[in-house]
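Just so you know, the sequences run in chain order A and B.
Quick note: to get this note's numbering, add 484 to the position in the first sequence (first position is 1).
Quick note: to get this note's numbering, add 16 to the position in the second sequence (first position is 1).
Please note: incorrect hints may appear among the correct ones.
Claimed, not checked - Below, a list of computed lysine-lysine pairs in the DSS-like style, where the Cα atoms sit at most 25 Å apart:
| # | chain 1 | residue 1 | chain 2 | residue 2 |
| --- | --- | --- | --- | --- |
| 1 | B | Lys89 | B | Lys195 |
| 2 | A | Lys641 | B | Lys112 |
| 3 | A | Lys719 | A | Lys561 |
| 4 | A | Lys568 | B | Lys195 |
| 5 | B | Lys89 | A | Lys608 |
| 6 | A | Lys722 | A | Lys861 |
| 7 | B | Lys124 | B | Lys89 |
| 8 | B | Lys89 | A | Lys568 |
| 9 | A | Lys643 | B | Lys162 |
| 10 | A | Lys847 | B | Lys162 |
| 11 | B | Lys112 | A | Lys899 |
| 12 | A | Lys654 | B | Lys76 |
| 13 | A | Lys641 | B | Lys178 |
| 14 | B | Lys195 | A | Lys850 |
| 15 | A | Lys561 | B | Lys89 |
| 16 | B | Lys112 | A | Lys850 |
| 17 | B | Lys132 | A | Lys847 |
| 18 | B | Lys154 | A | Lys643 |
| 19 | B | Lys195 | A | Lys608 |
As the list claims (entries may be wrong) - Cβ-to-Cβ under 8 Å is the rule here; a few derived chain B residues that face chain A:
| # | residue |
| --- | --- |
| 20 | Pro203 |
| 21 | Leu204 |
| 22 | Val223 |
In case anyone wonders, no lab produced these hints; they're calculated from the structure.
Note that the coordinates shown come from a computational prediction; the quantities given were computed from them, not determined experimentally.
Ideal placement from N, C-alpha and C gives every residue a C-beta, glycine not left out.
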Amino acid sequence: MILQKRLMICASAVGLMAGTAMPASAAPWVRGYVVGQYEYAFRYGGRADYARGAEIEPGVDCPHGASTHFANDANTKIAVQRQKFRSQQEIDWIAKPPGLDDVRAPVLTRFHIWNRAVAYRGYKRGIETYVNPWAAEDPGQPQVTSRIGDGFNLDGKVKPADFVSPDGEKGIDNNLYRAWGCDAPWRGNGNATLDLRANDKMQDGLYTMVVRVSGNKDPMNDDEATLEIGYSPDKLVKDARGGISVDYSYRILHTSQYTKLKAKIKNGVVETEQVEHLHSPRIAWFYDQTGDTNFSKGKVRLNMSPDGLAATGLLAGYRDWRELYTENTFAQDGGQQGIREHEDHVSLYFALRRNADGMYNPKTGKNDGISSVYRIKLASAYVVDPENLAMEVPKLALDEERMQAFLAIKANTIKGAETRVPQPVPPGTTEAAVGSFEHDIADLPSKDFFIKTLERPHYANEDKDGIPPWMRRRRGTVAPPPAAPPAAQPAKPQNQVSNEKPTEVAAAETK
Amino acid sequence: MKRIIGITFGAAAFCALAGSSFAADPPGAQASATPAQPAPAADAPMVPPAKPGVFTATKKGATGYHLVVAGHKFTSRDDIEKYLAWRAADLTMADKGTWFTFTQARTKADTVPPPKRDPAAPRHSFQMANFQPVWRYKTKGAADWKSWSPYAGTAFFADGVKAEDITDFEASADIVVRKGVMDDADPLGYEAGAVSDLLINQVSPPV
């Protein structure tokens, strides 16, 4: 790393960036930030130390607590007995697989059996219902009943079901909170499991998000300011205690995931204009989920501390709800995440669908978008332009295979929902625990029943055990194909940029 | 989709005013397309048209309907009730509604408790288990119709009866077409699009 705290600022930038040192009169100023925490703006209303019966942390947001899908054999039994094609033996054995005590990994074996079973909950056998959730019964989802919610009045209307902001503003549109706010992995007071996971991966270099605010008056009061938000190819720098280090330098790419907005600042609160498309990095915890949020009718609010060292904020707009569904479902596979996190993506699909409230599609007569608000916490940074303004978001060459599989399953999911023709699971995924199931069930006395009864997708070039090629590669039983070099793209992760040595940066970008 | 097209607004208004009923699928009605609908793909799912007299929808109040599916060849309760639910969803969308409520035809003698509304409970786009039509039927040699209600606490009339011994049957439901955001805490609320998606590949009209 060529990190040089504070020394990385080129001389010309010093004058621009040292807003706090400038007089509060008309003068150019810049404040830069790197996002250290990024999550859905869900307001937690429970108590972490309280449970009631089988309810987990009931509260004003979710009166019966967080979701408990697949939390135990009784819940899983409820999920699989809705399919009329299953025999009673099948239902009973899925819920409690016989012979589990005799295997080397009972928990994992049951996990894979459940994963495979709950991936097929269609109106008939053979329909994979994470790709085709519309072909399943709606299992139901606990939803937020509180009236308090973070966000903006995106549509300019005050509707009866809208939220009221914590400071009393009416008409707040945040239907993603209503739909998913009780979903176990997203509900918590900063400790929701997928919030933690996503933030950990972001902080560890999966992607970096930066914000730059600039103007010509006072950084705390400027009615003609500019806010830029975008992706940085530079890995986020943590301090010795795991926090976000302040005042490192990060490049902001001006290509994809970048938006420049007009803004007004009053007493340190930055409020941007509402733009038709707000591009920024999206929440992700795997490379295959990374990409552009592409909020429709998006805007940003930032609350800057007077010393410029920190800020908090909200990003909001309407997101295509089918994209949200696929991003949450297929980072790994629907059953795996659902069982582990006690969420049911089929329920989440229907919750998104019925709460969709924007991006009206005149061709279908339906709303393609759901109002969504993301919360950010930021630390001071030097946000600089890259040498090459045309620089694109780097690619992780070794994860591109998974990215392509993700894009394929996303396309099939959307096609199925639009055409109502069940779509297959494309190659490259782990849906229905393909590969893992076959591996871990080997010593289960009742394995033949499950292998024969439970459905799974099949692919070309499976081995004699039914393991597809990509799973053999991931398990290391066959060599991976040579990775295709990303065309004219820099590889991740990248080091911090040093403005003292611009030639080295330029060289790194072309490697 | 074809049946969405099948019932035009003009026909709906006419039937409402006349207090008459839709007589299944009007001949040639497929030609009158709803303007906002995209052209169906070649492999788009299709429900076969019903023969005259199989499906009737009688206007009941400003936005309500009494729906009846009738036939002579009994297949299964599930088949007939799903077809009726699909017609309810289809009619709702044809009326530019987004959801409908199912009104249970209860009497004082009923013993099965109604589903309770619980705003704190999980929300649904639909709960097919709560879509419970009432039935009329005739068996071989019988002159009179008999009734069966799912709320009476008795076994389904066709259980243990040979299908060929049921010569006539009708399943009926009352619905109210609604617009706007659905009340997903209503255990008898059904999002029309979601119900249609689920059922379109499963149903066909009885004969």
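Here's how the hints hold up against the structure:
1. B:Lys89 to B:Lys195: violated, 36 Å
2. A:Lys641 to B:Lys112: The given pair, whose Cα atoms are some 22 Å apart, holds under the 25 Å limit.
3. A:Lys719 to A:Lys561: violated, 44 Å
4. A:Lys568 to B:Lys195: violated, 32 Å
5. B:Lys89 to A:Lys608: With Cα atoms ~23 Å apart, B:Lys89 and A:Lys608 stay inside 25 Å; holds.
6. A:Lys722 to A:Lys861: holds, 14 Å
7. B:Lys124 to B:Lys89: It is violated: about 32 Å lies between the C-alpha atoms, which goes past 25 Å.
8. B:Lys89 to A:Lys568: holds, 22 Å
9. A:Lys643 to B:Lys162: violated, 48 Å
10. A:Lys847 to B:Lys162: Violated, because 46 Å separates the two Cα atoms, which is more than 25 Å.
11. B:Lys112 to A:Lys899: holds, 24 Å
12. A:Lys654 to B:Lys76: With a Cα-Cα distance of about 38 Å, the restraint between A:Lys654 and B:Lys76 is violated, given a limit of 25 Å.
13. A:Lys641 to B:Lys178: Roughly 59 Å separates the two Cα atoms, so the pair is violated.
14. B:Lys195 to A:Lys850: holds, 12 Å
15. A:Lys561 to B:Lys89: violated, 35 Å
16. B:Lys112 to A:Lys850: holds, 11 Å
17. B:Lys132 to A:Lys847: Not OK: B:Lys132 and A:Lys847 at ~37 Å, beyond 25 Å, violated.
18. B:Lys154 to A:Lys643: At roughly 51 Å apart (the allowed maximum being 25 Å), A:Lys643 and B:Lys154 break the hint.
19. B:Lys195 to A:Lys608: This hinted pair is violated, its Cα atoms lying about 31 Å apart.
20. Pro203: violated, 10 Å
21. Leu204: violated, 14 Å
22. Val223: violated, 22 Å
Taken one by one, the earlier hints fail for this structure at numbers 1, 3, 4, 7, 9, 10, 12, 13, 15, 17, 18, 19, 20, 21, 22, listed in ascending order.
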